[in-house]
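Listed below are the residues making up each chain.
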Amino acid sequence: MSLIEINGLKVHYPIRGGFWNRVVDNVKAVDGVTFDIEAGETYGLVGESGSGKSTTAKAIIGLEKATAGTVMYKGKDVTKGENRRKLDYNRDVQMIFQDSLSSLNPRKRIEDVIAEPLRNFEHLDKEEEKLRVLQLLDIVGLDADALYKYPHQFSGGQRQRIGVARAVATHPKLIIADEPVSALDLSVQAQVLNFMKKIQRQFGISYLFISHDLGVVRHMCKNIAIMTRGRIVEVGTRDDIYNNPMHIYTKRLLAAIPETNVNHREAHRKHRLEIEKIYQEQQKTYYDQDRMAFPLVKVSPTHSVALPPELAKKFEQQSENKGVNV
Amino acid sequence: MWKTILRRVLIMIPELIILSILVFLLAKAMPGDPFTGSINPRADPAQIHHLMAIHGLYDPWYQQYWNWVAHLFHGDLGMSYEYQEPVVDLIQQRGANTLWLALFTMVLTYGIGLPLGMYAAHHEGKLQDTLVRVYTYVTMSIPFFVVLVIGIWIFGYALNWFPTSGSVSAQASGLGGTVLSRLDHIILPGLLGALFGTVNIVQYLRSEVIDAKHSDYVRTARSKGVPMKDIYRHHIFRNSLLPIAAFAGYSITGLLGGSIFTEMVFSYPGMGLLFLNAINFRDYTVITALVLLYGFLNLLGTLLSDIVLSIVDPRVRVE
Amino acid sequence: MKRDIEDATTISKADLAKLTKEANEEATPSRLKIMWGEFKADKPALVSLFLLVFFILFVIIASEFIDVPKMMETNIMGYYNKPFTPDYWLGADAGGRSIVKELIVGSRNSISIAIGLTIISSTFGICWGLISGYYGGLVDLAMQRVYDFMMIIPMLMTIIVIVTIIPHYNAITLTLILSIFYWMGTSRLIRSRTLAESQKDYVAASKTSGTSNFKIIFREIMPNISSLIIVDTTLSFAENIGVETGLSFLGFGLPMGTPSLGTLIANANDPENITQYWWTWLPAAIEIIILCLSISYIGQVMRRTTNAAQRRGQDQK
Amino acid sequence: MVETNNDQFLSIKNVSTAFKINGQFYDAVSNVNLEVKHDEILAIVGESGCGKSTLATTIMGLHDPEETKISGEIDFEGTDLLKLDEQGYNKVRGAKIGMIFQDPLSALNPLKRIEDQIQEVMVYHTKMNEKQRHARVIELLNQVGIEDPERTAHQFPHQLSGGMRQRIIIAIAIACKPDLIIADEPTTALDVTIQAQILDVLRDIQRENHAGIILITHDLGVVAETADRVAVMYAGQIVEQGTASQIFNEPKHPYTRSLLRSMPQRDNENDELYVIQGMVPSLQKMPKAGDRFAPRIPWIPASAHEAQPKMHDIGDNHLVRCTCYKDFYFPDQVKEGAGHESN
Amino acid sequence: SNGKSSESGAGKHVSMSATYSGPGKATTAGNNSTLKIAEVNDAPFAGIFAPTLVTNAEDSDVFSPGGEGSLFNVGKDYKIIDRGLANQKINRSAKTITITLRKDAKWSNGAKVTAKDVEYPYEIIGNKNTTSQQYSADYAAIKGMASYHAGKAKTISGITFPDGQNGRTTVIHYSKMSPSMKYAGNSFVWTTVEPYEYYKGIPIAKLASSSKVRKNPIFIGPYKLDKVVQGESTSWSPNKYYYGKTPKVKHITIQVVSTNNALAAFKSKKYDFVAGGANSVMPSSQYPKFKKLSDYGIAGTPSMGYDYFGFNVGHMDTKTGLNVMDKNSKMANKNLRRAMIYAANVNAVEKKFGNGVSWQANTLIPPAFKDVYDAKNPGFKYNMKKAKSLLDKAGYKKSGKWRTDPNGKKLVIHLGAMQSSAATEAEYQFYLQQWHKLGLNVKMTGGKPMEMNSFYSTLQKPKQTSIDVFLASWSLSTEPTPTQIYGVDAPFNMGHFATKKNTALMKSLNNNKAWNAKYRAQQYKKWQRYMNSQAAYAPESFSMAWSPVNKRVKGYSVAPTNNEFWSNLSLTAANPK
Ligand SMILES: Nc1ncnc2c1ncn2[C@@H]1O[C@H](COP(=O)(O)OP(=O)(O)OP(=O)(O)O)[C@@H](O)[C@H]1O
Ligand SMILES: Nc1ncnc2c1ncn2[C@@H]1O[C@H](COP(=O)(O)OP(=O)(O)OP(=O)(O)O)[C@@H](O)[C@H]1O
Ligand SMILES: [Mg+2]
Ligand SMILES: [Mg+2]
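So the protein lines, in turn, are chains L, G, V, W and Z.
Heads up, the first sequence is in the working numbering, so the first residue is 67 and it goes up one at a time.
Heads up, the second sequence is in the working numbering, so the first residue is -12 and it goes up one at a time.
Heads up, the third sequence is in the working numbering, so the first residue is 17 and it goes up one at a time.
Heads up, the fourth sequence is in the working numbering, so the first residue is 377 and it goes up one at a time.
Heads up, the fifth sequence is in the working numbering, so the first residue is 77 and it goes up one at a time.
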């Protein structure tokens, strides 16, 4: 059984307008997202800016109210507040944020930052608590002298590791990492990614890893979902996505990744422009009249794509399994 | 745009209604009545009761309120008991005086405050800047009325440069003479008021200009090869003046509040002085009308600010 | 799972004392200390601070030794006694009352009102702003309507009307009345900062750590805007000293017989008094100016301190 | 690749820029030598805080003279920019050198229409009339790939998306067909797809105008895709310089090599990423002498470093600072398995 | 302006001349210039010119060059004499008064003054919907007035015009006659005219707000109004239709100046003198400073008002409208009251603050009324010993710090007084201290002086216990009959003092015998002595009505007999010197 199952999740923000300031429309930030995360895996969520990645993450963890859909955890729907409380859900699911500075309260010492979830979920005495904090610091490779310092006294990479320490404090089963390294320099990014992997190995944590950097995602994740305009357009293993992208959007995204091999850059560029051309041409077919993606269709046991109806029919006939519908 | 304004106006209505009820009840709760106070040796108390009855002062409050509102819609704010005159007329006379003074003060305030604030910001950190800031600190630390009193003493009495009471000289004749005389009467209070008003503007503008000076779009303009003085003109001032422009509407509140002090010290027959007198005479109709009017003006001020802001700032402009 | 953490690290209970010591050595000084350091670096501000603290203490203690009803008794023989005489260091007012004593007791009264007003209105304004800004949505909308309404009320006029209504008003009722009208500025400031602050990830982090809203508001967000609160409170304290004096000047402040800086300065509403009996009002006016100046000076220093802190905050190290 | 004609029109000689911090001047850029030719893209890479932007703004002459101390020579088409007065500089800025900034939202005046902001640069550097300027604005907007130029010209910055805004900034920078375009992290705030488009636009423009471009970035991918020549900066100094293929195919300096190695790549999917130990010292703590990168490769003996590291030409204009590159090896390359874990 | 002091009442006071004439001769330049008069008042004037509708002194003051509509000239003691706008003839047996206008009486717009103009004020005052506050019970003595006042009759039947409405004669028929009718300011005969023709068509209820009353009023006096700046100033020039002496000064302006600014304004020579004449209310505290102004002389006359102590000794029966004394009230004991006055040491206060223009009063009739004022009355000279013994005798024994009432119960007395200046505040405190010395626990009602409105609304309640003793002032009209304040049915009898003897004494002031001036004066003095013996109301202070007058002014006189105040003025220079 999966650790957590997200089913048809929708988050709509009302747009107010008109004379009486009524709700005239919705921003469909997340519009029917379905995927499962297995225990101990890193699940990648990729998409361009504004595609609804963060909103999905927030809805899963309960920071944002879901408009529709369910998030099943231990057989209960945790989009409901009382279920979250009953399950101590926020002890099992933690979050790492993109902006390490803003995610650490600048007025709190590191000890208090890391101890915050401990104080809420595990009622340790003062000594035990301090010990735990020290241990956590050690795990993320920080010295004990960090204990009474303030967040701004650390570098971006160190801060991000403090964020990891806080997230790990309550032995979570799942950590949602929303672009944990996109604000970091290359070498620092490597540091944080290494730690995340290490901790995962040690504690068997699952990650929902959100990023728009396909290089990083490839490095981190086994399963990947590509999102655009609030919907998932393609889900699959790393191999499926990188070697056999089927949705036009995925292809375009992959083509846009800068190639570090200088020698092929003209070829790469040509390839990208070709894809771009195809994308412009086929946009109409790959999205419905509301410019939304179509429902997902299973093209292989691990690989689902939001194909246009004509193409989808082909695959539906091939596989007895129905596509995971939105 | 018009819709936004209209919506704002609609929101104003309940605020005005609540304000009017509040004001009315407060006025009613004041001790004494407008007639008993005027202890005329020949006034007959029976006559006073009679007058109270005529004016409906024995009715329950909601009925009095309702009557008052009904009259309000006919542009009738009632009669001033003290002045034996329709409140509307009274406020028209006094309101004009206050309006002139307020307008003049405002013109002076901005006329002095804007250059001063820019000057300080332009010379950020230098002696000139320090001097301006010392001026703002000191002015801010002296209560307004102390400045008024000292001002009237020095320039009104000791130096005898300006008249010390009234809004126009009794001797002034002709249109030109009257206008000049009126101006003569508001120069000193206007200047003193402006002395105070500028403090906010100077501080605000100074920090706005300094912020703008270090902003990215100024850097962009510099990289375009625009000379600094043109950058000041086209970018920095323009962008810094925006919040100030919006501030103008809100400053009405301050001006009106200050008018009570100014008019008292300068015996300037405006609405502020009228209010103080009305309080002493328990002239309810005048009190209610004035508080309501001032509230309404405050409301207009905020509305004005919002509108100005939505006109000058494309970011909040609503199509 | 608990064992996992211990497994993954070599740190055990035995190391606790040693590590704590290490940490303590490297501990960053608290903000209070930083602020204090900032004051020490700025001599005029330090002088202002001492002056203010000393003055407030002096006034409070000294006025304990003054028999106020007796002091307020008239001695018509001392009518406008000149200053610098043995009985009247700073002269006397129309009632033959010693200006020095009135000044001391008056300062105590005025400062108490200002302090009371600042505490009440700031506390209210801060809570209002925090709650309104944190919850947002409908709560915010409703609270903003109230705020809007309060803003359009002509404050001075309404206060005057209320003061004339209340039959037996005194320093406390006056403070309460004033408090009704002096929280809005603070609340607006706090609200807008809270609004910005609640968007920050550390709030989200606290929520996901299971911290209650109440705690988030007062333990997480409030400390972060504490510099703003301190600066605002200091500056409004300076402003609030002026409020009472203004009302007293108009004749609607403290009742006669309760000395205050305002009633003393109100002696200056007669141009003749200004020059001839200058000692009746000038000391109070000077005192207010000095008080307000030093308070705003202190406020400025605090503002600078917090700015520096922000700059430091952006540094990597 | 385009033929580069060999006329160097910008040569930066021994430029240092120091900032005043607590009354003392500290070098943020020290002794930088660079050349830019027509039709070429010179990329400057390096981690955050190494002085890339400082160098760019030094070329543009945008530093506050009271807060900075600049020395050296910036020879631009025969004149030393550093000797120009404000008036003289204003003739160069915008006209001959255009600059593109990182944050496209704050770099545009929120209260001015796009059209006015683009026109402004022409007002000061051309004799075009209003009509001609408008025509040019439309032309420029087309050039940077904006679909509905007439409409966009009348809009305000907040009404545009990040990618569009960045295009506007580019339009401003190229409005007067400058010889040199300095692009300071033009795509960092953007998505990959938009980033690719912007880079395309930049390259097209360069071809059209025969301009030289200084492209500042910390994204090695971007460099690899676009740059003709690359300068790698570390702690205010250039540590390696060469053509793109020299830098990516045969990196020499330990810093360059470490950087390339810490990138997640197809072939290290399941490995640990390489981590450069330690951190860049802050300006005040920068060592005055010696190799600035030495503390971060402690396993290389001090003897391998030069006392006063110099740039060495190792052939084909491939420049490397310090001789240590000769002795450099990664720690895991000797002792198998025992990977060095940085702090 | 002489500094000599004289004794009148219980205190010393300056005696000043009612007239002032600056040095030098009047010049044409002077007379052609503008006479600048200050109306010292803290509020703008309301701007009602219509003697029947005026409610405050400022309005009368600023319109006074217009003659205030006065019908009669007055002589000594404000007795009505001939040669004014009209003459008055009293016919006691027919119970009529005949008012005959002079032949050349004209309004400032040239219209004739008619008999209807004499009658019209009665219609305004008595009208059911009037805004006038002048109606009082005495007017009911005019036949037909009661039913007109009740709205039952359209006209007042008791006022007739023997030679027609446009003639010169008006006859008023009374149901009873009073000797007070001989004096201006009595409450039977209204002593001004109103221009009926001019006002015709304006409902009486709307008269006060009409522009004919406020903006373009017409006058019968020496000057006509050129301009009125509402609330601030009036400007005048000679009225060519004036029947009397031609005025010499060509322009007059009267401008409002606040009390606080007055001295400074005079110092900078902005004004020639203060408006109000015999009613001027310049504060006594400023007198010494004004006296020091070298370019100004001081002229004044005893004021018609006085300050008094009142004691709450009863209540008003709301059914009968009569005041009733309560034997058990706290202040019922007259020795307690007398002791308090004796102990108050008013003299000390007045010496300190009165500056000689306000002084301790000895009776309840001010010295302005020379004939009836009891100058010999000793009043309540400070005598603490006597005060103490009075209390001891009456059984107010000390128990601890304070005296108790004769029954041994705790006694706390509340003083009610109005907020005013710092000096009056000091005064109240001083009285409290004096009473504390006497052993009485006297406190201020509410702990502080009361705001004027609360003060009067408390006192005028039919029954109240929050004020036991109060300080108030009263101003008489030019006719001194005291029934409106001390009468058994008088609402202003706020201490509710009512004895048979008082009623009888006051009746005797205006009974048939009182047509004899000597008898009347004698009864007045008797009444004054009686009031002091009861001490339910006790005199506090008298004062002078005075004004600084600039050196350039000649012919300034506020003597009551100067019926041509304005025409007698002339100027020696073009500006105040
Ligand atoms: N509170 C909100 N009210 C209205 N719209 C919102 C709100 N929050 C997010 N949105 C909109 O929802 C969409 C998805 O936002 P989200 O932050 O989830 O995107 P994202 O994929 O995380 O983008 P990024 O890569 O920029 O972080 C965006 O179009 C955004 O404008
Ligand atoms: N005005 C200034 N005053 C003092 N120090 C400054 C100033 N501007 C930059 N610095 C410092 O100079 C160094 C170089 O800064 P610069 O902005 O050039 O780096 P960068 O390479 O552009 O970094 P990034 O990739 O973050 O943009 C940094 O350590 C920075 O802190
Ligand atoms: Mg996001
Ligand atoms: Mg940079």
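Hint data in this document are derived by calculation from the structure and do not stem from the laboratory.
Keep in mind that a hint or two might mislead.
[What the hints assert, rightly or not] Pairwise CB distance ranges, derived in the manner of DEER restraints:
no., chain 1, residue 1, chain 2, residue 2, range
1, Z, Ala424, V, Ile76, 31 to 41 Å
2, V, Ser46, W, Pro657, 48 to 58 Å
3, G, Leu(-3), Z, Leu398, 55 to 65 Å
4, V, Tyr151, L, Lys380, 48 to 58 Å
5, G, Lys113, W, Met662, 26 to 36 Å
All of these numbers come straight from a predicted model, not from anything done at the bench.
Ideal Cβ positions, reconstructed from N, Cα and C, are used throughout, including at glycine.
Hint check results:
In this structure, Z:Ala424 and V:Ile76 meet the distance hint of 31 to 41 Å, their C-beta atoms being roughly 36 Å apart. The hint said 48 to 58 Å for the Cβ distance between V:Ser46 and W:Pro657, and at roughly 27 Å that hint is violated. For G:Leu(-3) paired with Z:Leu398, a C-beta distance near 59 Å keeps the hint of 55 to 65 Å intact. Range check, V:Tyr151 to L:Lys380: about 51 Å between beta-carbon atoms, so the 48 to 58 Å window is met.
Between G:Lys113 and W:Met662 the C-beta distance comes to about 31 Å, which sits within the given range of 26 to 36 Å.
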